[in-house]
Amino acid sequence: MKYKRVREILTGLIPIAAFLLALLMGTMMIAILGINPWVAYQALYNGAFGSINAIADTIVKATTLLFVGLGICIAFRAGVLNIGGEGQLVVGALSATIICLTFPDLAGWILIIIALLVGLLSGAIWGGIAGFLKAYFNVNEILSTIMLNYIAVYGMNYLLRGPIMDPLQVKLGSFIPQTARLPQAVDLPRLIPTRLNLGIIIAIFFAILVYIFLWRTTIGFRIRMIGQNIPASRASGINVPKYMVLAFFLSGALVGLGGAIEVLGVHHRMFTDGSASGFTGSAGFNGIVAALFGQLHPLGTIPASLLLGALLTGANKMQRVVQIPSALIGALNGLIVLFVVGSEYLRRSQARRVELITEVGYNSKHKSKKEDE
Amino acid sequence: SAEAFRVALIMPSTINDFAWSQSMYDALLTIQNEMGKENFQFVYSENMFVVADAAAAIRDYASEGYNLVIAHGSQYGASLADIAPDFPKTSFAWGSTANVFADQGITNIFAYEPYSEEGGYVNGVLAAKLSKKDIFGVIGPIETGDAKRYTEGFKAGIQAVKPNAQVNVTWIGSYSDVALASEAAQTHINAGADVLTGTAQMTVGAIGVARQRGALWFGYDVDQSALAPKNVICSVDVDWVVALKPMIDLIKKGERGGKIFTLNLANGGLKMVVNPEALVGQTIEDIVKGNIQVKVEK
Amino acid sequence: MIKNSSKIINLIKVETVEMRGIVKQFPGVLANDHINFDVHVGEVHTLLGENGAGKSTLMKILYGIYHQDEGEIYVNGKLVNIRSPLDAIRLGIGMVHQHFMLVPTLTVAENVALGLPSSRKFLLDLDMVTERIKELVKINGLYVDPEAKVWQLSVGEQQRVEILKVLYRGASLLILDEPTAVLTPQEVEELFHVLRSMIKRGYTIIFISHKLREVLSLSNRITILRDGKVVKTLPAVEATQEKLARLMVGREVLLQVEHPAVKLGKVALALEGIWVQGDEGLHALRGIDLEVHSGEILGIAGVSGNGQSELAEVIAGLRKPTQGKVFIKGINVTNWSPSQLLDYGLSYIPEERMRDGVVQEFNIEENLILKDHIHPPYAKGIFMNFHKIGQESERLIKNFDIRTPSRYTSLKSLSGGNIQKLILARELSRKPSVLVAAQPTRGLDISATEYVHRQLIEQRIKLKTATLLISDDLDEILSLADRIAVIYEGEIMGVVKRNEVSVEELGMMMGGVHKDNIP
Amino acid sequence: MEAIIIGITKSAIRLATPYLYASIGETLGQLSGVLNLGVDGVMLMGAFSAFYTVLKTGNLGLGLLVAIVVGAIFGLLIAFVNVTLKAEQGISGIGFYIFGQGLSSVLFSVMIGSVHTVNGFPPLPIPWFSDLPLVGEILFQQNILVYGAFALIPLSWFLLTKTPLGLNIRAVGQNPQAADSLGVNIVRIRYFTVIAGGILSGIAGASLSIALLNVFQQNLTNGMGFIAVALVYFGAWRPLSVLNGALLFSTVNAIQIWVQVKGINIPPDFTLMMPYLVTIVVLTAMAKRRVRPPAALNKPFQRGEE
Ligand SMILES: Nc1ncnc2c1ncn2[C@@H]1O[C@H](COP(=O)(O)OP(=O)(O)OP(=O)(O)O)[C@@H](O)[C@H]1O
Ligand SMILES: Nc1ncnc2c1ncn2[C@@H]1O[C@H](COP(=O)(O)OP(=O)(O)OP(=O)(O)O)[C@@H](O)[C@H]1O
Ligand SMILES: [Mg+2]
Ligand SMILES: [Mg+2]
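Sequence order for the protein chains is A, B, C and D. All letters in the first sequence, in the order written, are residues 1 to 373 by the working numbering. All letters in the second sequence, in the order written, are residues 1001 to 1298 by the working numbering. All letters in the third sequence, in the order written, are residues 2001 to 2519 by the working numbering. All letters in the fourth sequence, in the order written, are residues 3001 to 3306 by the working numbering.
A couple of the hints might just be wrong.
The calculated lysine-lysine pairs, modelled on DSS-like cross-linking and capped at a C-alpha distance of 30 Å, are [as the list claims (entries may be wrong)]:
#, chain 1, residue 1, chain 2, residue 2
1, C, Lys2431, C, Lys2497
2, C, Lys2211, C, Lys2462
3, C, Lys2211, C, Lys2266
4, A, Lys242, C, Lys2431
5, C, Lys2388, A, Lys242
6, A, Lys171, B, Lys1295
7, D, Lys3288, C, Lys2149
8, B, Lys1230, B, Lys1295
9, C, Lys2121, D, Lys3162
10, D, Lys3162, C, Lys2149
11, D, Lys3162, C, Lys2134
12, B, Lys1129, D, Lys3262
13, A, Lys242, C, Lys2121
Since the hints were made in silico from the structure, they are not lab data.
Use the sequences and the hints to build the structure in full.
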């Protein structure tokens, strides 16, 4: 019925309304700093979509966010919170880098594939540790992932200061903690003459894969099941610890792959500023937000990552143009997150009401999609 | 009138980090005051610790036709090498390093590099002379880059004066962990050190401790005496102007890059800023107040 | 004030409660449809109706958990607006919920004291609370140890804690939503004794149950609901079980399933000297020997909390025995994983339906394949075959008459009876060779119960399933089991043929007397 | 030797102080069922506001008060988003983290502009006790906020186990429906614990900026808030165990620095890694203890839904 349709659409618009509301708050903050908000937001837009390069940068940022977001989707569906994204990105990137530095003579595409796989695997292991500790040693995953993030960073600093430091740096005596540039052969193909590379295609491919995995395969079914009811899962013959580890393993795998792709696609070398964020840009955290904006649904996470990527990219442009303290952008992003999560409940309860309008006319397709979310 | 010279600066921390980034920001302000706003304008992007974002900024500035784009962070080198070739008309500067990517046939990148070790050496000598306990504490971010060089220099300075003095070094593992830096200072003092030094912005925590526990402090990057007027004896002020001025002149002459500028004591790129308040000032004050009687044999 | 009630509690007297034209709409269901209902001091007014008829909803409205969409409530003739349980409590209304509302990690006293102002202001006064509870225990004969942690208590004891909570707050109108569903016959008798004496002391009770015999023995008046509407309100004296059943269901129901004899096959399930640790660490099972033949229903009778749950869990592979062996179809399956057992033809109807039996956030279709989703036809390799799953679900929903708008409806919105039907559909459609059914009709209305019973019997005839039926409801065991084993403190007091034992003998065995020692 | 022990333990105690405030605050919230990952953001706001006040007025008491107020305001917002708007707590927390971090930095840039130091709370020797050998110097010559942090342990223990409020808090976190059916105001309890958590996070920040470090810099806490949350899990929602966790973490960190100072030849990255590694390992070793999180943790309350 028409009326219901309208209500459904309106309901769908709630998060967007919240998003705009947050921008409005930001407007005030900007105005208070004595800057013309209109100019600022124009800059924000241009920074994200203003030019080919801007769009490319937006998508490049979104790529990593998407990989993390996908990992988060799986973890969330399994009922665990993986805030170890930062560490998993670092580990994935590092291992991919090391592979490329160790076997520079392998044919490019072979090396790329191996590097990506190794990145994926090591991210998986880093995540798997948290899962393993939770499943078999009752160690809460929030604690373990936070700790593992730091451990990864210090490990990275060690490697980059010594074992895999760029020989040139030693020669020059400037000791910059970074590796040599990776062989050109392992640069991910660029889609257009910008930083935009194959990564985004791979990411979207995996998004679809994760969707199919979670809702079309038996393993996905089980992962979603342990996320909802552990006793019932046991009674249904599911080895709960095993699948908990698996969920974390896969979650970490996607994030690790994201890290590897960031290296092969964007930086072509590994470096550190002493923290993880210099390399990850805090994607390990922002990816969680992307996943939420995407309703914890792999496909929804695609546009969500793009939106967030645009926001972060545009924000820097905004700083450049109106010269506001960079931190203001952080505050603004925080506001946006809060407003959107805050509006979630409103959206849900609205959706339930719309549901209530009538129970007739089930269209199985439309409905089963609903159940997915 | 000829149009103004336009500079864009990208830095990893903030313009008020009291270290690396602030020192460069101050330098540009100085130049602007000399040349005048109409002839010299600059914009900056701070907190660009995310290298990907910095790269975007560099590219963006370049495409907006700035005369000089300064990538003030060693982690930016790689991105710079990618971007510079696309903007042959723009000059880029990168620090701190001695690499202009000539090997890659790039011609529009300048490099600047402070001989941090020289400043460190001077501080070391002074420290050695002033120390009563001959135990010294160094607090650095991660053992690399300028921090490493400064520390090596500081050690050398100590050794030169007191070959068997003891220099304890701690690395905080981050540029921002103020709490750990201050705890490191505490530990150094507990271990008997009476003179401390260190680099990067998290050392403000350590300076606070020196101030509280009456240890001497030797600063780096900028004149840090404001943080502990009674304790900061001398700071190495990295005066980037010394590198930037000639750089700007070259660009005006039509050069685009290829040159490495070093900042050292010889060219005044490193300035030893002695804090008049501490020690010197203290002594003067004491004499004036009569706390110290200076007797002379007639 | 009510005379002879304890001096420590001052009762809030309720003379009459009247609910007029109550309407409550849930997504897709009109749970209450213009219901009129009233109750007077000193009477037991029973609400009767099939699962999903709207009984709990009506009571939750009276207790302030839901708010009615339409209609008014009058207490002692005054119009009241009950916005929250607190309002209800202040009006002297107390409710014991169908699903217990206790904090397992806290002690009885703490559970009772919860939400009450303390006599010592900012300090807990648990000692005083404990004293009062002991007092109430004495007056009302609801024995329970105030210092015990709730998770350690048997279901019956938890029940008493719920009632104590209500009494402690001075409520004089008690709403009891299916209090007997989880109790053994003895416990039910004790409870009724307590309730009757309370009535004498001027309390008023609204009672909900599916067990007609209980209803008739306790009630003064009975109101029957169907599909959210009142069918009839009548004095208990005018009612018979058959009449009530007809009014509830709207058709004749036979309250006794016929039970044709079948010749037994060979032993399908055997336990040999099984020892098991319970949650409290002590041994919950101490050397259990049992045999169930294919085609046989072996009933496990006993007072709840004597190891029944652990027995079921051991066979289902959810609990590892410390000693002893389990055999299925002659194979030693001790320490097999639940999944191995499932694949080997074991089905399990869990006692804790909501916890172990279903996934609330999943829809009906998904819940129907919880156990077999990895097997064809539901799965093609690692992929789910939604076409087949859909077909099968529709078939099961139809055959087992699960009342739901669609197979995509989320399980949450099903009423107790329908959820149990769903579990039954899933477990029986697996064509098990061994079936463990724990409290299979707990909380089910008579038609649903009848339905479950018929299914179990049919299963036994058609598939020669060996069924281990664990139930607190002696009637159920007597009407279904071929043989009955009585369990007491983790030991079997004896195994007897159904038609060779008297209720009295069973009672004695349930009390801990070994079969051989019965005179 | 004695000097070393004194040095290390004093370091440990200083390092532990902010964690204690923040972790106990988080414990209260989690016990009532609210997970807050935004601690670090609130700490930064507390640290900044206290520092700014002291810088301008020189009044330490006032600085602390302002930090408390700011913490309370943030607690209120967090409660509103998580309890009233029933947001997904895992994510809203991240939002508050980013927001607090950003806002405190902006305010620093526009209101202060560059790094300054202030005179923070001075050491406050406790008469008689401070003269005791060893313990006297270690425990009783700290500043008031350090004492406060340690006093918080028995206080919170008392609140949780000996008062009606504590009982309500625990019940609300375990089974809100039950508590609600007895007229306990779930929303009010959760607002209380979360606001209290905000206040304590604010004090945690203040303890850095006006008692221990006496400076403010952007992102001064450098992620301490997350460690604080982790320590709640280490402590399994028991104040005393939280204390143990905080002390373990901080002691290893103190030893780690000492090892570096002594020039013992291990790459600093590995010594720096130790606190985090040890915490995990110890917790793993303690796997036997079967502690369950509050049953309703991270589950918004909706009356009438089991
Ligand atoms: N806040 C920061 N974040 C990330 N990288 C930084 C930061 N500060 C400095 N760096 C990088 O680390 C290297 C050394 O920085 P550091 O602050 O140690 O300089 P320094 O030791 O004070 O000496 P100088 O100021 O002469 O470089 C610099 O090349 C810079 O790229
Ligand atoms: N919170 C709820 N949300 C949606 N539907 C509900 C809710 N509570 C009850 N219902 C629906 O309202 C109807 C009445 O439920 P109610 O629990 O009152 O039945 P009942 O008579 O108590 O059944 P039972 O004998 O199984 O307890 C059922 O169809 C049920 O599915
Ligand atoms: Mg510097
Ligand atoms: Mg009911």
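Status of the hints after comparison with the structure:
1. Lys2431(C) <-> Lys2497(C): Roughly 26 Å between the alpha carbons, so the hint for Lys2431(C) and Lys2497(C) holds.
2. Lys2211(C) <-> Lys2462(C): 29 Å, holds
3. Lys2211(C) <-> Lys2266(C): 36 Å, violated
4. Lys242(A) <-> Lys2431(C): 28 Å, holds
5. Lys2388(C) <-> Lys242(A): 28 Å, holds
6. Lys171(A) <-> Lys1295(B): 56 Å, violated
7. Lys3288(D) <-> Lys2149(C): With Cα atoms ~21 Å apart, Lys3288(D) and Lys2149(C) stay inside 30 Å; holds.
8. Lys1230(B) <-> Lys1295(B): 26 Å, holds
9. Lys2121(C) <-> Lys3162(D): Roughly 11 Å separates the two Cα atoms, so the pair holds.
10. Lys3162(D) <-> Lys2149(C): 17 Å, holds
11. Lys3162(D) <-> Lys2134(C): 21 Å, holds
12. Lys1129(B) <-> Lys3262(D): Holds, because 22 Å separates the two Cα atoms, which is no more than 30 Å.
13. Lys242(A) <-> Lys2121(C): 50 Å, violated
Checked against the numbered hints listed earlier, the structure breaks hints 3, 6 and 13; every other hint is satisfied.
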